[in-house]
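For reference, the chains in residue letters:
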Amino acid sequence: MSDSKKTPAGIDPRGPRFGASITAVLLLTTVFLALDAGSTGAAFTLLLIVTALFAIGAILGNSKHPYGLIFKKFVRPRLAAPKELEDPRPPKFAQLVGLIVAGAGVVLHLAGVPNAIAIFAGMAFVAAFLNAAFNFCLGCQMYVGLQRLGLIRKF
Amino acid sequence: MTLETKLLVVFGLLALATAAGLVWRAKTGRAKAVAGGDVIDLAEIAATKDGKPVTKFGNKVTFLQFSSEFCTMCRQTAKLYSELEKAHDDVLHIEVDITDRLDLANKFNILQTPTTLVLDSKGRITSRIAGAVKTQTIKEELGSFDI
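So the sequence lines, in the order shown, correspond to chains D and G. Quick note on our numbering: the first sequence kicks off at 31 and runs consecutively. Quick note on our numbering: the second sequence kicks off at 37 and runs consecutively.
Keep in mind that a hint or two might mislead.
[What the hints assert, rightly or not] Below, in silico cross-link-like pairs of lysine-lysine (PhoX-like), each with a Cα-Cα straight-line distance of 25 Å or less:
hint	chain 1	residue 1	chain 2	residue 2
1	G	K170	D	K113
2	G	K175	G	K42
3	G	K85	G	K63
4	D	K102	D	K113
5	G	K68	G	K175
6	D	K113	G	K175
7	G	K115	D	K113
8	G	K63	G	K170
9	D	K113	G	K68
No lab work stands behind these hints, which were simulated from the structure alone. Quick caveat: nothing in here was measured; it's all calculated off a predicted structure.
So here's chain G without its partners, still in its complex pose:
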C-alpha cells in the first residue's frame, strides 16, 4: 500500500469517527413525543425516593429516569432533574436502577441509560428522552406542561 493510501485510510477513519460523534451528540438527550402512551404503574416500577416508595405522580409532570450501574451520564442527568424538582413544586423526579430490573428494560425497550420517560399528571407517557438530557430539552418539556 502506498503512503498516500495508508494516510487516506487513517484520516478517513478519523473523519468517520468525528462524524459519528457529531451525529451522536446532536441526537442524544432530545425528546421524542409518544402518542397514546401507556400509563405507568408505580407499584410495578417499585421506585423509592429518600427511602420511601413513590406512590404519587408529580402535580404536573414526572420525569421517570431509568439508570444503570455502569453509567456516568445517569448521575449528571439525575442532578439536573433534582435541581428542577427543587425549583418547581409541580415537578417530580423518579430514578430507577434497571441493572437488576431487566423486566423493566424489556417492557420499556430501554437500549441505553439514562433514558427518561416524561409523564403527565396521570402518569401517562408523553415523551421519551434517550441519553443525557439537554437543558434545552428540559425547557421545552416544561413549556409543554405550562411550567
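Chain D with its partners taken away, still in its complex shape:
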C-alpha cells in the first residue's frame, strides 16, 4: 500500500533535529523568563516568535523554515552526506503540534490565565527536546491516536 503512494522528495533528517535543538533552547529560555513577573513581557515576545516559526514550519515545511535555510547553508556543507533521506511530512506534522501548543500558550496568556506561558512553553520544550536529543517523532506517536479519537481527519 505504502509503496504505491506518491511520497514527496526526501529531506536530510538532521535538518529538523537541528531546528528542534534551537526551538528547545528558545522555549526553555521562555520558561525561565516567564517565571519572573519582571520579564513576562520578554517571555511573551519570545513565545510569539517561536509560535510564528512553528506556523512557518507547519504551513511551508522545513525546507522554507529559517532554521532549515540556516541548516542548508551553514551546517549541511560541513557534514557528510546523509545515509538516507526522510519524508518531510512527519516533521511538518510535528511543527503543527508545536504551533497548537505554543499558540495555546499565547492565547491563554492574553486571556489572563496565570502561568500560561511557562506551562505551554514547558510542554512544547519537552517535545522539541525529545525530538532533538532522542529522535522522538511526534507524528509516529500521536497521529494515529489523535485520528482514532476523532480529533484530526486526514489532511
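Mind docking chain G on chain D? Use the hints.
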C-alpha cells in the same frame, strides 16, 4: 522568584525531559508476547506487496507492520524487515498503511506507528512490537521461531 528557584525549575524540566526520553528509548521497539492471539484475516487486512495482494503467510514467521503517513520510523523499520526477508526464506514482511484504515487501527488498538504484529506460520499473533523495532528484538523473535 529567586534566581535559584528559577534555575531549579529550568534544570528540573530538563532532567524530567531527559528521564522521559531515556524511558521511552528503553521501552520502544521491544516485543511483548501475546497469549492466545487472534488469527489474522489477510483478506480483511487487504495488504499488497509489489502491487499484488498478499494471500499467504510466511513459512515460519510473518512481520505485519502497521505504518502511517506521518511516520519517520516506519521507513527505517520497514527497511530492517525487508533485509530480514531477503536473508531468510521463511520470513515474510507485510506493511499496511493505516492512515486510511481507521478500522484496523481500532481493531488492533494501534496507538503509535510503526506497530508490528509477529505472526506464526498459521497467521496467529504471537507478539506485538510497538515503535521502531530494535535489531535485538528481531534476533529474539527469530530465535523463538528457530530461525
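Hint-by-hint comparison with the structure:
1. Of the pairs offered as hints, the one joining K170 (chain G) and K113 (chain D) holds, with about 18 Å between alpha carbons and a cut-off of 25 Å not exceeded.
2. For the hint linking K175 (chain G) to K42 (chain G), the alpha-carbon distance of about 47 Å lies beyond 25 Å, and the restraint is violated.
3. Between K85 (chain G) and K63 (chain G) the alpha-carbon distance is near 30 Å, which puts this suggested pair outside the 25 Å criterion.
4. This hinted pair checks out: K102 (chain D) and K113 (chain D) have alpha carbons roughly 16 Å apart, not beyond 25 Å.
5. Between K68 (chain G) and K175 (chain G), the direct Cα distance comes to roughly 14 Å. Compliance with the 25 Å bound is thereby established for this hinted pair.
6. At roughly 24 Å between alpha-carbon atoms, K113 (chain D) and K175 (chain G) fall within 25 Å of each other, so this suggested pair holds.
7. At roughly 13 Å between alpha-carbon atoms, K115 (chain G) and K113 (chain D) fall within 25 Å of each other, so this suggested pair holds.
8. For the hint linking K63 (chain G) to K170 (chain G), the alpha-carbon distance of about 10 Å falls within 25 Å, and the restraint holds.
9. Restraint check: the Cα-Cα separation between K113 (chain D) and K68 (chain G) comes to about 30 Å, which exceeds 25 Å; the hinted pair is violated.
In terms of the numbered hints stated before, the structure departs from hints 2, 3 and 9, listed from lowest to highest.
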